[in-house]
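**Student:** Each chain, letter by letter, is given below.
Protein chains: 2
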Amino acid sequence: MNNERVTLSMGAGGKLSEQLIEDVFLSLYGNDILNNLEDAADLHIDGTHIAYTTDSYTVKPLFFPGGNIGTLAICGTVNDLAVKGAKPVALSAGFIIEEGFLIEDLKTIARDMCTTMSTLGIRIVTGDTKVVSKGEVDGLFINTSGIGTIIPHMNISSRNARTGDDIIVTGTIADHGIAILNVREKLGFVPVVQSDVAPLFNIVERIAHFGNAIHVMRDPTRGGVASVLNEIAKASQVMITLYETAIAVKDEVRSCCDLLGMDPLYIANEGKIVIFVDSKITQKVLECIKQVPAGKNAVVIGKVEEHLSADTPCPVCLKTSIGIKRFVPMLEGDPLPRIC
Amino acid sequence: MNNERVTLSMGAGGKLSEQLIEDVFLSLYGNDILNNLEDAADLHIDGTHIAYTTDSYTVKPLFFPGGNIGTLAICGTVNDLAVKGAKPVALSAGFIIEEGFLIEDLKTIARDMCTTMSTLGIRIVTGDTKVVSKGEVDGLFINTSGIGTIIPHMNISSRNARTGDDIIVTGTIADHGIAILNVREKLGFVPVVQSDVAPLFNIVERIAHFGNAIHVMRDPTRGGVASVLNEIAKASQVMITLYETAIAVKDEVRSCCDLLGMDPLYIANEGKIVIFVDSKITQKVLECIKQVPAGKNAVVIGKVEEHLSADTPCPVCLKTSIGIKRFVPMLEGDPLPRIC
Chain A
73 MNNERVTLSM GAGGKLSEQL IEDVFLSLYG NDILNNLEDA ADLHIDGTHI AYTTDSYTVK
133 PLFFPGGNIG TLAICGTVND LAVKGAKPVA LSAGFIIEEG FLIEDLKTIA RDMCTTMSTL
193 GIRIVTGDTK VVSKGEVDGL FINTSGIGTI IPHMNISSRN ARTGDDIIVT GTIADHGIAI
253 LNVREKLGFV PVVQSDVAPL FNIVERIAHF GNAIHVMRDP TRGGVASVLN EIAKASQVMI
313 TLYETAIAVK DEVRSCCDLL GMDPLYIANE GKIVIFVDSK ITQKVLECIK QVPAGKNAVV
373 IGKVEEHLSA DTPCPVCLKT SIGIKRFVPM LEGDPLPRIC
Chain B
73 MNNERVTLSM GAGGKLSEQL IEDVFLSLYG NDILNNLEDA ADLHIDGTHI AYTTDSYTVK
133 PLFFPGGNIG TLAICGTVND LAVKGAKPVA LSAGFIIEEG FLIEDLKTIA RDMCTTMSTL
193 GIRIVTGDTK VVSKGEVDGL FINTSGIGTI IPHMNISSRN ARTGDDIIVT GTIADHGIAI
253 LNVREKLGFV PVVQSDVAPL FNIVERIAHF GNAIHVMRDP TRGGVASVLN EIAKASQVMI
313 TLYETAIAVK DEVRSCCDLL GMDPLYIANE GKIVIFVDSK ITQKVLECIK QVPAGKNAVV
373 IGKVEEHLSA DTPCPVCLKT SIGIKRFVPM LEGDPLPRIC
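Each protein sequence line maps, in turn, to chains A and B.
Going by our numbering, the first sequence wraps up at 412, each residue one higher than the last.
Going by our numbering, the second sequence wraps up at 412, each residue one higher than the last.
Any given hint could turn out to be false.
The list treats identical chains as one, so a pair stands whether inside a single copy or across any two.
[Stated by the list, open to error] Keeping only pairs whose Cα atoms sit at most 35 Å apart, straight-line, the calculated DSBU-like set for lysine-lysine is:
id, residue 1, residue 2
1, K87, K206
2, K179, K306
3, K87, K179
4, K206, K322
5, K87, K132
6, K306, K206
7, K132, K356
8, K132, K179
9, K179, K206
10, K397, K322
11, K258, K206
12, K132, K206
13, K206, K391
14, K375, K258
15, K352, K258
16, K179, K356
17, K179, K352
18, K179, K375
The hints are simulated quantities; they were obtained by calculation from the structure and are not laboratory data.
Required output: the full structure, derived from the provided sequences and hints.
**Tutor:** And the structure:
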C-alpha cells in the first residue's frame, strides 16, 4: 500500500496536476478523445459534431469583485466550449450545498447565472442539488457541464500550432486570480482588482469565418498563460517565444503581482483567450476581436518559432524588455487553490 | 433580507427538495425541458435526439458493501440516461478532492469506475480535477454528467402514465439506502446488506422493442419508490394503487427497516427501475426483464387506477396485506443525507 497523498499543488493546473491526471485517470481510462486533454472533448454522435466539457467550481470567496461562483460556473464552461470552436447549446448544473447556507445567497447566485445565460441564449436543461451537513463542504460547490455544436470549417486543437503562427491574447492577463487573492487574503489593494470573468463565445463567433486559419484556442485559467502555452507547445511539438513588452497587465494587477512576488503569466484568467493564427491573417483577426468589448485590448504576445528540439529544457521562452531570453516552464509549485 | 437557510431535508429528494428547486432554480431558469424534472433532459441537437443528465455524488462512506462512490457515479448517471430510453454514449467526470486524500484510494475508485464503464462500452471523454484544503470537503465528491442517444420509437416520460398501466419494479427495494446506513451508523446488522448499485441499460435494451407501450421509467434513488411514484402521479395526473404483498424486500433489509422505524418505500435504490407499461404487455415485459440478472426479481407492485381527482390528499395508495388502504405521500422529513 502506497501512502502517497493528494496535495494542493496537484490541483493547481501545473505540472503536478498533469502528473496526477496521467497517473490516476489517463493510465486507466485514457482514450483517443480524453488523451487530448483539451478544454472540451470533440465528439461525433449520430453524425452531429459536438463539443462536451465539464468543470467543478470551488472558488473562495463565493462572491468577488466582478462576479461570483455562479457567473464563473457559466462562463468557465461556456468558454471551454467556445475555445473548441463550438457554439454553446445546453448546460447541466450540479449544486453541492452546505447545510445552513443562506437561501438568499443561493438565489443571488442562481439569478446571476441566469443573467449570464440569457446574454448567450443558452439554458440549463438538467440539474442536481445535494445538501451535505455543516462542515462537510465549504459553503457551495457548483459543477457545470456543457454541450456545444462545433462550427463547420473550424478545426481547433492544441496540436495544431504551426511554425510562424502568431499568438494573440484577447486582453490583459492575471485579472481573475489577483481579484480573488486580493479579497481572500484581505490584501487591501486599491483600486480593487476586478475579475475578468466573462463569456467569450462572441469573440469566437466574430472570427469563425477565418475557419482553419485559426489553429489553436485555449482559455488560460488555472496555471495561467504560461501553463497553457506549455501544454500547446508540447501537444504541437513546437517552440514558442513571448515578447514581454507586448503582454498587457493592468497597473493594479502588476502592483499586486510585484508585491506578492508572483508572475502574471502564471495567474488565472476567466475572460481571455489565447489564439494561435496563421500570421497572414493576424491583423484581420485582431481587428475582428477588438470589435467585441471583451476583446478590445487584444494583442499579439508571441510567435511559434520552430519545431521542438529534443535538447530544449523548456519549449516556451520570454524575450524580456532588455532583450534577454528566459524560460517560462509549466507551473511547478505555488499552489493557488480555489481560484476557480 | 430573508434569513432562511438550506436544511438537510432540502436535499433528501422529497417534498422540501422539490420546493427548494422550484423556489430557487425553476422560478429563475425554468424552461420546457428542465421543468419536466425528469432524470435526464430530452434534447434535439442538429437533428440528433439525445438525453443529457448530471448528478453530484457525495455518498458517505466512500466505500460501502457492494460498491463505492466511483461505481455509484457511473451507474447513477448511466441509469438516468437508461430510464429516459437512451443508450449511454459519453460521460464527463469532475473530481473535488480533499488535500491529503490517499492516492491509492483514488486509484481504486477510478479503477472501479473503469470496470463499470467497460461492461457498458462507454467512456469518460472530458474531466476536471480540483483539490481543496483539508476540511473544505469531506474526502471526495464526484460529479458525472452523461449523454445518450434516445432509442427510436421509445417515448418515455413521467407524464405518460395512463389508467390501466401496470407498475413493475425490477427487484427488491431499499437495498442501497440500508447498505449505506448500516455501515455509516455502525448498526452492525448481519448479514451485511449489500448495495444494489448496478448499471441498468441492459434491462432497458431488452425491453426497447416494446416501443411506446412502455410509458414511464424512473430509477427510484433519493426519496425511494414512494417519492418517484408521487412525482409520476403528479406529472401524469393519475392515481396509483400499490399492493403491499407484492413489494419485494430482502429479509435483512426489512429487519433493518423495522428496527430503525423506516419504510422501505422511502429508501434509496441504485439498481432498480420503476416501469409503467400497458397492461396488455406486462407479462411479456416481465419475461424480458427477468432474463437479465439485475432484473431476475422483477415484479408488478401496483397499478394506475384512474385520473387524479381534485379532492385527493395524495395520489398514491398502498393496499396492505390485511386489505386496508393507506396513503403513501412524498417523503416529507427524515433526511438521510449523503446516501448517493
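**Student:** Work down the list of hints and note, for each, if the structure agrees.
**Tutor:** Structure-based check of each hint:
no.: 1; hint: K87 <-> K206; result: both (33 Å within a copy, 21 Å between copies)
no.: 2; hint: K179 <-> K306; result: between (43 Å within a copy, 26 Å between copies)
no.: 3; hint: K87 <-> K179; result: between (37 Å within a copy, 19 Å between copies)
no.: 4; hint: K206 <-> K322; result: between (39 Å within a copy, 33 Å between copies)
no.: 5; hint: K87 <-> K132; result: both (23 Å within a copy, 31 Å between copies)
no.: 6; hint: K306 <-> K206; result: between (43 Å within a copy, 33 Å between copies)
no.: 7; hint: K132 <-> K356; result: neither (39 Å within a copy, 55 Å between copies)
no.: 8; hint: K132 <-> K179; result: both (18 Å within a copy, 28 Å between copies)
no.: 9; hint: K179 <-> K206; result: both (19 Å within a copy, 28 Å between copies)
no.: 10; hint: K397 <-> K322; result: within (23 Å within a copy, 71 Å between copies)
no.: 11; hint: K258 <-> K206; result: both (25 Å within a copy, 21 Å between copies)
no.: 12; hint: K132 <-> K206; result: both (17 Å within a copy, 14 Å between copies)
no.: 13; hint: K206 <-> K391; result: neither (50 Å within a copy, 40 Å between copies)
no.: 14; hint: K375 <-> K258; result: neither (37 Å within a copy, 62 Å between copies)
no.: 15; hint: K352 <-> K258; result: neither (46 Å within a copy, 69 Å between copies)
no.: 16; hint: K179 <-> K356; result: neither (42 Å within a copy, 48 Å between copies)
no.: 17; hint: K179 <-> K352; result: neither (48 Å within a copy, 47 Å between copies)
no.: 18; hint: K179 <-> K375; result: neither (45 Å within a copy, 39 Å between copies)
Going through the hint list in order, the structure does not satisfy hints 7, 13, 14, 15, 16, 17 and 18.
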